[in-house]
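Visitor: Here is what each chain is made of, one letter per residue.
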Amino acid sequence: MQFERKDILDIESLSAEEISFILDTADRMKEISKRPVKKVPTLRGKTVVLFFYEPSTRTRTSFEIAAKRLSADTLSISSGSSSMVKGETLVDTARNLEAMNPDVIIIRHYSAGAPHTLARLLKTTSIINAGDGMHEHPTQALLDLMTVREKKGYIRDLRIAIIGDISHSRVARSDIMGFTKMGAEVVLGGPLTMIPAGIESLGATVAGNSDDAVRGADVIIMLRIQKERQQSFLYPSDREYSKVFGLNPERLKKAKKDVLIMHPGPINRGVEISSEVADGPYSIILEQVTNGVSVRMALLFLVAGGVRNVNSD
Amino acid sequence: MLILIKGGRVVDPGNLDGIMDILIDDDRIIEIVPSGKSEKGGSGLLKGRVPERIIDASDKIVVPGLIDMHVHLREPGQEYKETIETGTLAAACGGFTSVCAMPNTIPVNDNRQITEYILKRTREAGNVTVYPVAAISKGLEGMSLCEYGDLKEAGAIALSDDGKPVSNSRLMRRAMEYARGFRLPVISHCEVNELSAGGVMNEGAVATRMGLAGIPNAAESIMVMRDIALCELTGAHLHIAHVSTHESVNAIREAKRKGIPVTSETAPHYFTLTDDAVSGYNTNAKMSPPLRSAFDREAVREGLSDGTIDVIASDHAPHSSIEKDVEFDFAANGIVGLETSVSLCLKLVEDGVIGISELIEKISKNPARILGIEKSIKIGGIADITIIDPEAVYTVDSGGFRSLGRNTPFNGWKMKGRTYLTMVCGRIVFENIMTQEGSL
Ligand SMILES: [Zn+2]
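Residue numbers (the numbering used here), protein chains in the order written: chain A, 13 to 325; chain B, 1232 to 1671.
Since the hints were derived computationally from the structure, they do not count as laboratory data.
Note that this is a predicted model, so its numbers are computed, not measured.
Wrong hints could be hidden among the right ones.
[What the hints assert, rightly or not] List of simulated lysine to any residue pairs, SDA-like, C-alpha gap at most 20 Å:
#, chain 1, residue 1, chain 2, residue 2
1, B, LYS1487, B, ARG1600
2, B, LYS1555, A, ASN260
3, B, LYS1555, A, ARG132
4, A, LYS135, B, ARG1600
5, B, LYS1555, A, GLU100
6, B, LYS1555, A, THR101
7, B, LYS1555, A, THR136
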């Protein structure tokens, strides 16, 4: 297929066919990362701006490595740096950036929809969403899909359990849409204070409790619990959370025998996931990180490199 | 100046409905007769007099001047968003001969000086009548009462902390009791802050999909129920602003059945749109209370139909692009409404939700009754008259608004029915010269 998208804003707007195509491309990119010289000239002369309104060492580093492996020039702007003047609106910042003709802007923003606004305003620059508020984190979902497909060989009909603070999680939204689009079944678990209204409309089902969510799961994705949520009465204590909703060896027994354990990181050991499980044989948390680079290389290549280059290097 | 309005269908609910001619001399209506009789010269309505202006109102509807009892004129303090001059011009264009100006100006209209200032600016630059609504609490802060006696004497017509709820129930109780002594209606913006905090749109599937924090219906309806209880306790006249949820409609219906002196209003966007309009992070669909579900919209329409909701008011809330061209989370609440209200109201009639007569009650007679003013087409009465062209078809173009605000979710909408002429005290303040399809 021909990949025609200028921007990667969310999983919601991608078709199953496009997702498969991105994953296929990422598989090929992974091969580059295994070479002794991990660099190809595909995006030489292209400028990739990493525009992070929210701190994120992990995602930013992954994108930066991805861009560098494709020989793009990268420039990182974060909310602490002087380039982002206090009081300047997103619209003004966008226009200023566009005036410098970057090829790709990777944006992480604390407000849902900010990448969409940017994409509407910038006619030629490609926008990749690296996480917007509680909305979506499409590259995380794509790397989750890639990792599951790699390990299981397929995605269709797998039972995926996502457990934690669904309400505040952009990873959860993107994963729900990504896995259901690819034909998997998604079951959600967590305190009901963290299950948002109407989440079923995205195609997921809500389990009565964590045991029900875990039961028969092929994949379990644990979400990070944020301690400040206690102040908004979403859960009473880490102790209770860990006991009732956390993933420990006992609860894990209810899952399928070849279950995969995933986590978008960073993990709270002993809260949502016990160390035995996080470091145990079913955990593929570090493979997720490795595949993150491949998926981001694939996306940069697809929006900035053009399909014609795919076999030329 | 003698003006003859000829051949229109005059609809003044409970008073007149028929094809009639109306003769206006200066600021008063001096004759009303069934149409055709004015042709007969001396024996008819003209009695030999020659009108300086004859308005052909055939195929049009002639109604008592419309009132929008919920408008933010932004002056003083935020004249870059709207002024009394531009806001009242927008009102005239929308068919409104009177508007109520909400007190959340800068400074807040919580004292005689600001009320007098608003009235002075209206005399200088206003195009329609402005009735200032004064604050319930000083600075809208919910801590102490304003001087209602002094404010009423200065010209305040009602009380409201609109934009914010009165969270302190004891203060609200005393405000209602005290206001009752001055026969001032208390207009309540119903919101439980702790439930709406952080929310930027209706709680539900659309918010969940978009990753935006939601505001549940209960954030409104709990406060509606509290205020109804305080209304029952104090006997004050309570008017619930911008009803958006089915729970609120049900609570008000029940209160009215029990004879509690509560009235209520909704805005055209609540009976027209749902939270789907927010899709694409459209900040022109962000307001407080937020657009709700289709179920709530239906309940609001039922409330209009059975009389639970007495009034339609636009909650005209102009903002500049500085407040709206930003991330959805940070965009200001509110949309402009004066120039689209009548068309959206006429759609209700076309949809069979209410009849034309009920509509005129909701945008003229009922607000007048609630505010204690008179709007009637009667001999000797003030010539505040609106003429509506129910068949005019046009496309909304926010670029052509008289309001300084462009923040409407209705830009580009095809509309049927609009204001043809607006007359305030016998003075024509707006006249639509486009007879065929045109833009606003
Ligand atoms: Zn309000």
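Visitor: Work down the list of hints and note, for each, if the structure agrees.
Guide: Quick rundown of the hints versus the structure:
1. Our distance criterion of 20 Å between C-alpha atoms is met by B/LYS1487 and B/ARG1600, whose separation comes to about 16 Å.
2. For the hint linking B/LYS1555 to A/ASN260, the alpha-carbon distance of about 47 Å lies beyond 20 Å, and the restraint is violated.
3. A C-alpha spacing of about 15 Å is found between B/LYS1555 and A/ARG132, which places the hinted pair at or below 20 Å, so the restraint holds.
4. A distance of roughly 54 Å separates the Cα atoms of A/LYS135 and B/ARG1600; the hinted pair therefore is violated under the 20 Å criterion.
5. The hinted pair formed by B/LYS1555 and A/GLU100 meets the criterion: a straight-line CA distance of about 14 Å does not exceed 20 Å.
6. Under the criterion of a C-alpha separation no larger than 20 Å, the hint pairing B/LYS1555 with A/THR101 is consistent with the structure, at around 11 Å.
7. Between B/LYS1555 and A/THR136, the direct Cα distance comes to roughly 24 Å. Violation of the 20 Å bound is thereby established for this hinted pair.
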